[in-house]
Amino acid sequence: MAMTLSDTDRFERLSRYLSGQLNDADAAKFEGDWARNPGWTAELELDARFQAGLGELRRRGQLETAMRGPWWVKSLRVLAMAASVAGIGIALWTWQLAGHAGGLPLTTTATLMLGDSVAVMRLRGASPVSGVLELPAEPRSIELRVMPDVSQALSGDAYSMSLAATNTDASTVASTLKELAIGKDGFIRAYVDSRNLKAGRYRITLRREDSREADEFLILVSSPAAIPHAD
Amino acid sequence: MSVAAEQLVAEVRGVPARFLSARRESFANALIRNYPGLTTLLQRHAGDLQLAKDILHDAVITTLTKLDAGTLSASEDIAGYVFRTALNHLRTHRRGERLRIGDNAAVDELASDTASPEDQSQSDANTRAVRRVLHGLGSLRDREVLVRFYLDEESKQDICAALGLDEFGFNRVIFRARERLRRLLENIGMGRADLLTLVAIVSLLTLVRYS
Chain F
210 MAMTLSDTDR
220 FERLSRYLSG
230 QLNDADAAKF
240 EGDWARNPGW
250 TAELELDARF
260 QAGLGELRRR
270 GQLETAMRGP
280 WWVKSLRVLA
290 MAASVAGIGI
300 ALWTWQLAGH
310 AGGLPLTTTA
320 TLMLGDSVAV
330 MRLRGASPVS
340 GVLELPAEPR
350 SIELRVMPDV
360 SQALSGDAYS
370 MSLAATNTDA
380 STVASTLKEL
390 AIGKDGFIRA
400 YVDSRNLKAG
410 RYRITLRRED
420 SREADEFLIL
430 VSSPAAIPHA
440 D
Chain E
2 MSVAAEQLVA
12 EVRGVPARFL
22 SARRESFANA
32 LIRNYPGLTT
42 LLQRHAGDLQ
52 LAKDILHDAV
62 ITTLTKLDAG
72 TLSASEDIAG
82 YVFRTALNHL
92 RTHRRGERLR
102 IGDNAAVDEL
112 ASDTASPEDQ
122 SQSDANTRAV
132 RRVLHGLGSL
142 RDREVLVRFY
152 LDEESKQDIC
162 AALGLDEFGF
172 NRVIFRARER
182 LRRLLENIGM
192 GRADLLTLVA
202 IVSLLTLVRY
212 S
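From first to last, the protein sequence lines are chains F and E. Here our numbering is used: the first residue of the first sequence is 210, the next is one more, and so on. Here our numbering is used: the first residue of the second sequence is 2, the next is one more, and so on.
Next comes chain F alone, as it looks inside the complex:
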């Protein structure tokens, strides 16, 4: 697609239109130009999604961190240090996996500064993946918001939740968080330390405590290093 200068002019005119900075003639011209160019709707939608995403980052208090950019490209020295840290992290990870019999510790409150919040639910469609998480560059508590999939979930029910890598035998998962309640928004919340996660597939098992029924959700965890560089 060829670059068009109107990409920026179009959104700037929309912003000025909405903030009342266009006089009536210019506002009418903007509306007319949009009507004559049906493709503008999709392009303005793309611009508006940019604005919405940035606004959400600001609302969550994550914009400043995102503005700092990826830490791994700042300098070769930092990269070398990061490689060392990663090596130590992998060793720790391996050690930790062996230490708690395949399950990952969940908590009912954030133990570190809060990072991403992941909504996990059975989506209508064929995808087996119920949630996607991108690992933060710095250690954070990740909020898991899981929506029970059982047909008769009640707000007063108590649930247990566990998290494990998909290559872990479910019968060996020992770290289960119990007596969890459904929130007003329909989600059950738990937190996991991002240092305990690495890129891969994880299984969340949610079980109503008075029932044998269990919901299993697959989530994908991706490494921030997978993000392509701009230039």
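No lab work stands behind these hints: they were computed from the structure. Predicted model only: the values in this text are computed from it and were never measured. No residue lacks a Cβ here, since even glycine has one placed at the ideal position from N, Cα and C.
Computed footprint of chain F on chain E; a stretch qualifies when at least three of its residues, placed anywhere within it, have a C-beta under 8 Å from a C-beta of chain F:
{"id": "1", "region": "42-52"}
{"id": "2", "region": "78-91"}
{"id": "3", "region": "118-130"}
{"id": "4", "region": "150-160"}
{"id": "5", "region": "176-182"}
Since the structure of chain F is provided, determine the placement of chain E on it from the hints.
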């Protein structure tokens, strides 16, 4: 086509056009689902979630009425027409009320508690995509261009002056970022396919009207 869209299609199939206004809720929901960006933009400038919803619903009714009366051709960009109508209503409302939104950061604090889980999931995915675009940019200055332009709605002229850019450099930053976001959204199924879904819905409305 998503399940929601299929459901909507099934609901309106065979329904005479004069009864389509009764489907305005479904139509508005389909718009909100397929155009979350423009919907959020409307909320941001309305400064009030309920006001934004009311305005969007009014615009949907206006559009369906015009379609029904034949004063609006169904071959037109229906989604664009609805949003143009909504934004026009908002602009008129704000002028009448002399309402000014001076603090965009405060507006961004508008909680999305009322969003459905699916909408919230879609918003989460969009936010992750935007963060990846930010991370993919080569310099702090480029990231600042995006935030000033899209979030703070500063003018191109002011941004160029503040950051020492010429217009070509400014447009290049925006162009690259937009294309990267477009690809990311398409990769996670939030791009072109969603827009085509709405096209299918509008085509069906056309079929119903002229049948």
